[in-house]
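**Student:** Given next are the chains, with one letter for each unit.
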Amino acid sequence: MERNGLETINLTIDGKKITAEKGSSVLDAALKAGMYIPNLCHHPDLSPFGACRLCLVEIRGMRGLPAACSTPAEEGMIVQTETPKTKQMRRVAVELLIASHPGECLTCDKNMRCELQALVAYLGVDKSRLRKETRTIPVDLTSPLFVRDPNKCILCGRCVRICQDVRGVGVLSFMNRGKQTLISSAFDAPLSGSDCRFCGSCVEVCPTGALSDRDHKWRTWSEREEALVPCKHACPAGVDIPRYLRYIAEGRYPEAVAVIREKAPFPGVLGRVCTHPCEDICRREKLNEPISIRNLKRFAADHDTGLWKQHLKMLPSTGRKVAIIGSGPGGLTAGYFLRKFGHDVTVYEANPKLGGTMRTGIPRFRLPEKILDNEIEEIRRFGVETKTNARIESLDDLFKQGCDAILVAIGAHRNSRMGIDGEDSAGVIDSISFLRDVSLGKKMNLGRKVAVVGGGNAAIDAARTALRLRSEVTILYRRTRTEMPASAEEVDAAIEEGAMTQFLVAPKRIGRNNGTVTLECIRMEMGEPDASGRRRPVPIGGSEFTSEFNTVITAIGQVPDVPTAYGLESGPGKTLLADPLTAKTNRKGVFACGDAVSGPASVIEAIAAGRKAAGAIDKYLQGKGHLDEPLIPPSEPDCHFGRQKGFAALHRESSRMTRAEKRTCSFDEFDLGLEEKAAIGEAARCLKCDLRLKVSQVVPPPIETRPRQRIDGSPD
Amino acid sequence: MTTRAIGGGDMRDQIHEILSPFKTDRSQLIPILQRVQEKLTYLPEEAISGIAKYLNLTENEVLGVASFYAQFRFTRPGDHVIKVCSGTACHVRGGESLLQALQTELKVNPGGMTEDGKFSLEQVACLGCCALSPVMVINDDPYGKVSSRKLKQILDIYRKG
Amino acid sequence: MSFVHPNGTVHAKVKDFLQIQKEASKEWMQLQHSEKPRILVGTASCGRAAGALAVLSSIKKELSRANLDATVMEVGCLGFCYREPLLAIQKPGRPEILYGNLTPDTASEVVSDYLTKDSPRPDLACGTLGDHEVAGIPNLLSLPELQLQVRLILRNCGHIDPEDIRHYMGNGGYTGLVKAVQMTQEEIIEEIKKSGLRGRGGAGFSTGQKWEFCYKATSPEKYTICNADEGDPGAFMNRSLLEGDPHSVLEGMVIAARAIGARQGYIYCRAEYPLALRRLRTAVEQMKQYGLLGNNILGSGSGFEIEIKEGAGAFVCGEETALMASIEGRRGMPRPRPPFPATSGLWGKPTVINNVETLANVALILQKGWQHFAQYGTETSKGTKTFSLVGRVKKTGLIEVPFGLTMRQIVYDIGGGTLGDKRFKAVQTGGPSGGCLPSSFLDVPVDYESLTAAGSIMGSGGMIVMNEDTCVVDVAKYFLDFTQKESCGKCVLCREGTRQMLYILEDIARGNGKPEHVDLLLELGEAIKAGSLCGLGQTAPNPALTTIRYFRDEYDAHINKKQCPARVCRDLIAFYVLPEKCAGCGICLRECPVGAISGGKRMIHVIDQSKCIKCGSCYEVCPPRFSAVAKVSGEPVKTPEKPIPVYDQKPD
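Chains as they are written, first to last, in the working numbering: chain A, 47 to 762; chain B, -2 to 158; chain C, -2 to 649.
Misleading hints may appear alongside valid ones.
[Claimed, not checked] DSS-like cross-link-like pairs, simulated, lysine-lysine; straight-line CA separation at most 25 Å:
| id | chain 1 | residue 1 | chain 2 | residue 2 |
| --- | --- | --- | --- | --- |
| 1 | C | Lys526 | A | Lys225 |
| 2 | B | Lys149 | C | Lys608 |
| 3 | C | Lys346 | A | Lys68 |
| 4 | C | Lys526 | A | Lys131 |
| 5 | A | Lys740 | A | Lys332 |
| 6 | A | Lys554 | A | Lys495 |
Source of the hints: derived by calculation from the structure; they are not laboratory data. Small disclaimer: the values here were computed from a predicted structure and weren't measured.
Bound-form chain A, shown alone (with noise of 0.2 Å):
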């Protein structure tokens, strides 16, 4: 007999006629029939075993008591579960576990997921009249990521099987025999020494506390997908992480393009400057150094072939407008999906050039124009129309000319003030004009001396600009440099070449002399922490001091230049209210996101916030609002990983950087990415944590327990 193709059998469990593949235990059958067969050895994924016991069965013309787990069922078996001999032998099985093992659940890692406890307490059986013996094996605990306690063991060798047979990596074995029988590494070494690849499978089969987590702190599904998987969920946009280091690893770049860009367009742009959450939280580095993911996304897009368009799909047109102010990466991602959902695009730029901070904020250096100009291509080619030089002053223009929905994506490009004296002088300028004019090609003329006032990314980027203009820079911080909202390695780089810093020191007063700029400071020590939990920093009296610039470079915040006719709420901080998940605004049909929602945010943020807001905007417009979409086949990865030699110790691959003294003679890109061999080494430094969690789940006893026996069989 058929079915799905695959031939079948009917066999007789307890009474019960069932259907079950050709070729399947009599386990399997059971347990895909939904009749439970006690077991703790059998796994799902792996071989069968035969250790526990537990599975015994009596079937019609067999003698003694077969195992369910490695007796194929065939046409006409009659196997009864429950006899009276399965039933002692099984309660004896599980006396005999409970005498070795420790049972300390109620402190154990494990206490009420432990398979073995749901069985003790599916079969009833409360205490055991066996002698206890423990081991005092020392648990391992120098481990990152996992904790090793042999003592909880009951060596049904599910690791040991998933890491030989299943990954191919085969660090533990089972060693001596008898009693003396335990699983560990060679020598004994702890997990790092022994070439383990930190998959955590084995943990993830472990039926007891013998293999745990450190620091287990989830309690639900989507929790625990969150803690052993941080990197994709550290993502704004949710890129799938793990997938596309894989495809690098294997040498498929353009497949790794395809899954980033199946969450986020700009590959490129986020290869060279997104903040990476996704590294900071990097299971890696609990051994040693994150993986550079950045850096290997780079590497993927600069090697792209455009593979991803293949399967790409446009859905009709729908007939409706939408206009997008601003084409920035939140504006010009939620054109692109827009676009993809069939509707009509129009994207307005106030500037001469397309790409909002991505071209007037982070500089060339940084990020070429080159890299930037063709991804926006992309977007363009898909028929979303952009007009540049149009700032858009009124919203109701926009209704009347036909719009059915308006995202306003502006960001925030106002400067902050820094609310001194002088602040308006000649020779003071603010970061966000200075940067926008040097990527609109303005001729600038600094001076020799240039100060910038500023922790952020902003005054680093500012300080760095203005150095390949031949200035020197010092750059002013009223914290100290750990406290700095830049990130540590725009830093590093500023001061590599060549900017001086300033820390605890806060402008006061501005002035003129002499055709320079005259600035007043005074020292700050730290002081007690404020609402957001950050010590504030403290004026020292009588401690001010002035120093003379050529230029003044303030970038202490920028905030949303919303203009008062769009009639939009203000949210809190300047910017604009918007709901964070359907993006709507207060007015009818307007939406908004992006920096102009949240304040001076990363480029992935506002991408995820295009890429969201775009589908809220589709449900607006009557549409599905499904932004998923494969971009390239799923596959299923490969499972057999292998084994590689001193894998934990392997070092975090660097890109290739011109010299710090040749840098600031151009604006050319100076980071010149990681060479082919290390970007495939550095993927594979990766430790697929995600695999862990395609290992099948374990049918559980049912959760009913059955009534408590007594040891002669009758109820309690």
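With the hints as your guide, set chains B and C onto chain A.
**Tutor:** Showing chains B and C alone in chain A's frame:
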């Protein structure tokens, strides 16, 4: 009377020499372990690593196999290895007393070595000389019907030699 | 590939071989009727342990000193182990005379006395072999220990030089193989099936049927394995056969390979048998020289190679799947069955595993025909079986009897009764997998079914006799200790269960037994028997279960009365110097290893119970005429608190 092998020279070279006549097939693992222990009297860490490399197996795999079989030891034995048979026939004819006498005489427990490194004592499975129980073997020399009195005489031979 | 020559004629290679055989037979006859005297010395392992090598060098010296020309042969075990060292002398024209219990001095005496002075030394002789008589020396076959024996498998042991293939050939060896190469595979299997041969390793499965399963499995690669991992403590039958007549086993192996279609065979022999291994290696080399191994054996067109593997000290490797894992270079952990080795064995290929003795029987059956084999034995258990009869029996040794003899015949007629004629208690059969059978079984015929029905098993043939000086609790504890150490550790029932049973037995033996312990032992035992993964676990509880079944009173004595009736369990026994018998000779005081005895000349010695380690030395050395040391269990003996003068006369 045999004495233990002298482990001189570079250990790794020695191991390589011992391995070279064997095929690099997994089925040769136990014969290889036996030969290495025969020459080195025990299996040091370098031997495990060397064998693993030679057969393209992991170290834990090799250790897993070696630690399963009672024949293999991982620490250096005494100059003379005394194996007391713990077979049934020996047991019912005084095997336990023989073991106890050896323990008292040598001040050592089964699995251990005397302080001067001269003797190590092992309890082994049946040696197959059941009609002459109780039986013990020192190095490769079997001794049957060993009484406590005979024991001292036998041990003295090795003490002097 | 057909094994029968296409046109039915005898292949040239067979003809050549038959010619060689004829020559070998002639040589053998010449040897038997040689002008020179022949001396055969039994230098198998047990002979060596008894001092056979010293005897050998002593007679060699004597021969050269007396300038005597004699052929000296080293032979295997004759089975009279209780009389080792043994040697046999055949003077031309005289029957062979067997001498036993020799020392180097008495051995050279015998040689010079008999060969130079023609005095056969009946005082040192065991018996004669052959038809003629020698005055004062009985015929061996008339001795009770041999009368009931039918030495088929052991026919060559002790008579031929095991390291000379021509001796084997001269005695009909390899005629079985010659026949087999002229039969089809089906014919060979049919012959074995008709004979009723059952596996001699313990399980007793029909050999012919096992071969048939494997023969029917289709695979270009098949294997045959000889299980020579005789791990049962107390069993040495396989060892003796391999040391004394290795070719009989090897011939059987080549026949087995032809029957199933295997081209590669393995002998898995435990490392504790170095002499057997050596003899096997020599024998295999000799087979190659005579074209009995290698390509195109005897013109059959098929080839066969044998590789010898040494065990590494794991009793569990006597179990089929564990043995195969060991050959593959893995841990000897059994795997679940199905699939069975006959269809999926070594490296997943069809494999037949046979015991040493089974293969020797195969050679015999092919040599002499199945009827010759099947004339012996019972309805269900055909043929003969070797047993190692050891323990507290007078005439320990290696015996071979047809199935169907009773235990009484074996223990009393062949074995001469219990040591010291003490009360018989039990016979332990089947090693650690078997059970202790009490006197009620003495008249049960010994075959596979009867032993299984009694709760024991045939096993490989160990028979350990126990008398009233054996404590069954101690025996059960001993065997569980053994299986515990040998457990592979894979399945929870055997690994943990045998340990828990051992703890309980230890408690009982120490006097800490509780009434519920026996029932717990039975429950655990039944569960472990029913549920263990392999034969080791499935049979490990047998000694405990059978001793409880048949000797419950002894368990009760240990538990309820804190008494060991056999006076074995150390914590339950005590030694006392009987004041009315002590003569104050002081020997016990000197022997005591811990100085627990105090006394003086003509003073009644007193044992300090707090220091006594119960070694029993004082008990052993007290002169029999005094017999003043008592070993008791239960009631203490009244003794003086400290040494007092010896009683000149008995007190009132």
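**Student:** Check each numbered hint against the structure and report the violated ones by number, ascending.
**Tutor:** Violated hints: none; all satisfied.
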